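2 protein chains.
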Amino acid sequence: MSDRYIVGVDLGGTSINVGIVPYDGGTVLGMRSLPTDVPRGAKFVVDRMVRMIRAAMKDARREGDIPADGFLGIGIGSPGPLDRETGTVLETPNLGWRNFPLRDLIANAVGLTAVLDNDANCAALGEYWQGAGRNVRNLVAVTLGTGIGGGIVLDGRVYHGASDLAGEIGHMTIDSTGRKCKCGNYGCLEAYASGPAIAARAVEGLEAGATSLLPSLVDGDLSRLTAETVYEAIVTGDVYAKEVMRETAKFLGTGLANLINVLNPDMIVISGGVTRAGEHLLEPLRAEVRRRAFRKGFETCEIVVSELGGMAGVVGAAATFRVERCGGLR
Amino acid sequence: MSDRYIVGVDLGGTSINVGIVPYDGGTVLGMRSLPTDVPRGAKFVVDRMVRMIRAAMKDARREGDIPADGFLGIGIGSPGPLDRETGTVLETPNLGWRNFPLRDLIANAVGLTAVLDNDANCAALGEYWQGAGRNVRNLVAVTLGTGIGGGIVLDGRVYHGASDLAGEIGHMTIDSTGRKCKCGNYGCLEAYASGPAIAARAVEGLEAGATSLLPSLVDGDLSRLTAETVYEAIVTGDVYAKEVMRETAKFLGTGLANLINVLNPDMIVISGGVTRAGEHLLEPLRAEVRRRAFRKGFETCEIVVSELGGMAGVVGAAATFRVERCGGLR
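Respectively, the protein sequence lines represent chains A and B. Per numbering that gives the first Met the number 0: the first sequence = residues 0 to 329. Per numbering that gives the first Met the number 0: the second sequence = residues 0 to 329.
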């Protein structure tokens, strides 16, 4: 059993997850999750994080027979953009914070050293260390949710770029005169394949007269239709919903082919709600990537679903601490 | 004066360039250039390369007072794809070679150790070492010619990817239902902004009735119109030719914005014939990148024209040798 542990904290716009991760990997102890409750303000959120960390450490000490000095520090994953050097969250549409010194507030309150990186980077590093990417050198992790994020791991380290912005793969243009994106640009991948974009495309087709079970699943109120509704309809065999997913796969496949042609990774790990569509997504996705990427690049790149799922953030935040403060993972 | 030198060889589909590069950079000695004469066959091309290398070494020994043992080895840049480990050119549409052991043929004939990398990677490393990227850590070099190639330098080393295919940025999809590309895909950057694509778009507009000087520059034979013809017309103030270049800049800007959002580099260095259009290209190019990339990513990324120009291949091939065999450049 490991005698050194790292606290992993995964802060999201919806929930906070905290767990105690053994230095050498393996079972996470003291795992807990609570809503972020963003409207209650930054102080509330930080207090909740600190209480969760203390409680997780206490539970873990009991579960794992950990000595009081067995905790090396805290890794924190947060929505970005952020400044890793100062540990500051610069601006987060999902949290409404600006220039918020999250890392030091947590570190001082808990009494342990801490590191901060963005959630997508942490998730990518988590998959590399303990998840689907255990046996590869270079991977891109793509998170599909309200937005589309990405983390790039090259040779066991997160690639951050010149100003900590690398991996914004949701904002690759795949259709230069296409759909308007929330970022102000036109034709971003996110404008086609994020959760809200999938719902919007489904609604457009219905309004144009497509026959489907979908309206009945939202009592005829199309404004309530979400990407989840599309998966529900697929499960019941709805032909139109499957078509919407097939189109989603084509857009996403175009984006992943771009990543392969530029980065030639060993693996692309996708995660998020839309992956629940399983082979309804993956089969047409791989077919589109095969069509668009260079053959050798396609053949050397596994496209897989996250193994860590909701744990990727916590495990990856701990991995980030290990890389930054202890020199690496392998 | 340096007393150690590296032979730099830049093999292209059109010409072979050879020069003797001081280990610490600076003036290239014994520089020479000859046509590749591809139709005369691989043996002819290799013999010509070997003769050029011997002659360059001889000239350089005289010019630079170099001792007989002052040459460390040979760096060779070649069109790809290739296998760096075995020094083999796998398949090159421009040369018509397949599984050709170029590196060892040259090394054995000259009697010096050699390394092989693709021409775009060499050009990128050359700009990093001695050109526009002297003061940055991460850069992407984009070569605009018959095709659009790319080389990615991260922290002073070429990033090759899982199977030596990274940097195929000409084949990012920027318009998923767009123009057919030579690679078989639709909407690749190369299908809009390569030399032949610029000419094709210009011809389409003329055939649709655009008024321009262009037809008179090719004696009315539009099949003879090239990207060069478009620059010629711009110099004379032709409004339609300027419009063709502005559109080229928009497509190219979309591609560069994708690179910035994914890789967040310190610098993008562009090279090739089309850069002769100068501010007719650069001004609308930067404007389009500003529109599409994240602001901070745009602000931290200089977009510049190559400083080494036609020398990038030779200098970069020597730099590749230095990185592979002598541990790095800075």
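Calculated from the structure, these hints are not laboratory results. It should be emphasised that the depicted structure is a prediction, and the values quoted were computed from it without experimental measurement. Please note that the accuracy of each hint is not assured.
Beta-carbon label-pair distances, calculated as ranges [what the hints assert, rightly or not]:
1) A/Asp23 - B/Glu298: 40 to 50 Å
2) B/Glu298 - A/Gly308: 46 to 56 Å
3) B/Gly208 - A/Gly95: 31 to 41 Å
4) B/Gly277 - A/Glu231: 23 to 33 Å
5) A/Asn134 - B/Glu298: 56 to 66 Å
6) B/Ser1 - A/Lys181: 25 to 35 Å
7) B/Lys179 - A/Asp220: 34 to 44 Å
8) A/Arg290 - B/Gly326: 40 to 50 Å
9) A/Arg290 - B/Asp218: 32 to 42 Å
10) A/Gly183 - B/Thr176: 48 to 58 Å
11) A/Asp154 - B/Gly277: 19 to 29 Å
12) B/Asp218 - A/Val304: 54 to 64 Å
13) A/Gly326 - B/Glu227: 46 to 56 Å
14) B/Pro66 - A/Gly327: 28 to 38 Å
Taking lysine-lysine and the BS3-like style, the derived pairs with C-alpha atoms no more than 25 Å apart in a straight line are [to be verified]:
15) B/Lys295 - A/Lys295
16) B/Lys295 - B/Lys241
17) A/Lys179 - B/Lys249
18) A/Lys181 - B/Lys295
19) A/Lys249 - B/Lys295
20) A/Lys295 - B/Lys181
Virtual Cβ for every residue (Gly too), placed ideally from N, Cα, C.
Hint by hint, here is what the structure shows:
1. A/Asp23 - B/Glu298: 40 to 50 Å: This hint holds: roughly 41 Å between Cβ atoms.
2. B/Glu298 - A/Gly308: 46 to 56 Å: violated, 36 Å
3. B/Gly208 - A/Gly95: 31 to 41 Å: violated, 54 Å
4. B/Gly277 - A/Glu231: 23 to 33 Å: For A/Glu231 against B/Gly277, whose Cβ atoms are near 56 Å apart, the range 23 to 33 Å is violated.
5. A/Asn134 - B/Glu298: 56 to 66 Å: Once the Cβ atoms are compared, 38 Å apart, the range 56 to 66 Å for B/Glu298 and A/Asn134 is violated.
6. B/Ser1 - A/Lys181: 25 to 35 Å: The hint (25 to 35 Å, Cβ to Cβ) is violated, given that B/Ser1 and A/Lys181 are roughly 54 Å apart.
7. B/Lys179 - A/Asp220: 34 to 44 Å: holds, 43 Å
8. A/Arg290 - B/Gly326: 40 to 50 Å: Holds, since A/Arg290 and B/Gly326 (Cβ atoms, about 41 Å apart) stay within the stated range.
9. A/Arg290 - B/Asp218: 32 to 42 Å: holds, 41 Å
10. A/Gly183 - B/Thr176: 48 to 58 Å: Since the Cβ atoms of A/Gly183 and B/Thr176 sit about 22 Å apart, the hinted range of 48 to 58 Å is violated.
11. A/Asp154 - B/Gly277: 19 to 29 Å: Roughly 38 Å apart at Cβ, these two residues miss the hinted range, so it is violated.
12. B/Asp218 - A/Val304: 54 to 64 Å: Holds: the Cβ-Cβ distance is about 60 Å, inside 54 to 64 Å.
13. A/Gly326 - B/Glu227: 46 to 56 Å: holds, 53 Å
14. B/Pro66 - A/Gly327: 28 to 38 Å: violated, 42 Å
15. B/Lys295 - A/Lys295: Distance of about 34 Å is beyond 25 Å: violated.
16. B/Lys295 - B/Lys241: Answer violated: B/Lys295 to B/Lys241 is near 30 Å, above 25 Å.
17. A/Lys179 - B/Lys249: Since the Cα atoms of A/Lys179 and B/Lys249 sit roughly 17 Å apart, the hinted pair holds (cutoff 25 Å).
18. A/Lys181 - B/Lys295: Holds - the C-alpha atoms of B/Lys295 and A/Lys181 are around 17 Å apart, at most 25 Å.
19. A/Lys249 - B/Lys295: At roughly 30 Å apart (the allowed maximum being 25 Å), B/Lys295 and A/Lys249 break the hint.
20. A/Lys295 - B/Lys181: Holds - the C-alpha atoms of B/Lys181 and A/Lys295 are around 17 Å apart, at most 25 Å.
Checked against the numbered hints listed earlier, the structure breaks hints 2, 3, 4, 5, 6, 10, 11, 14, 15, 16, 19; every other hint is satisfied.
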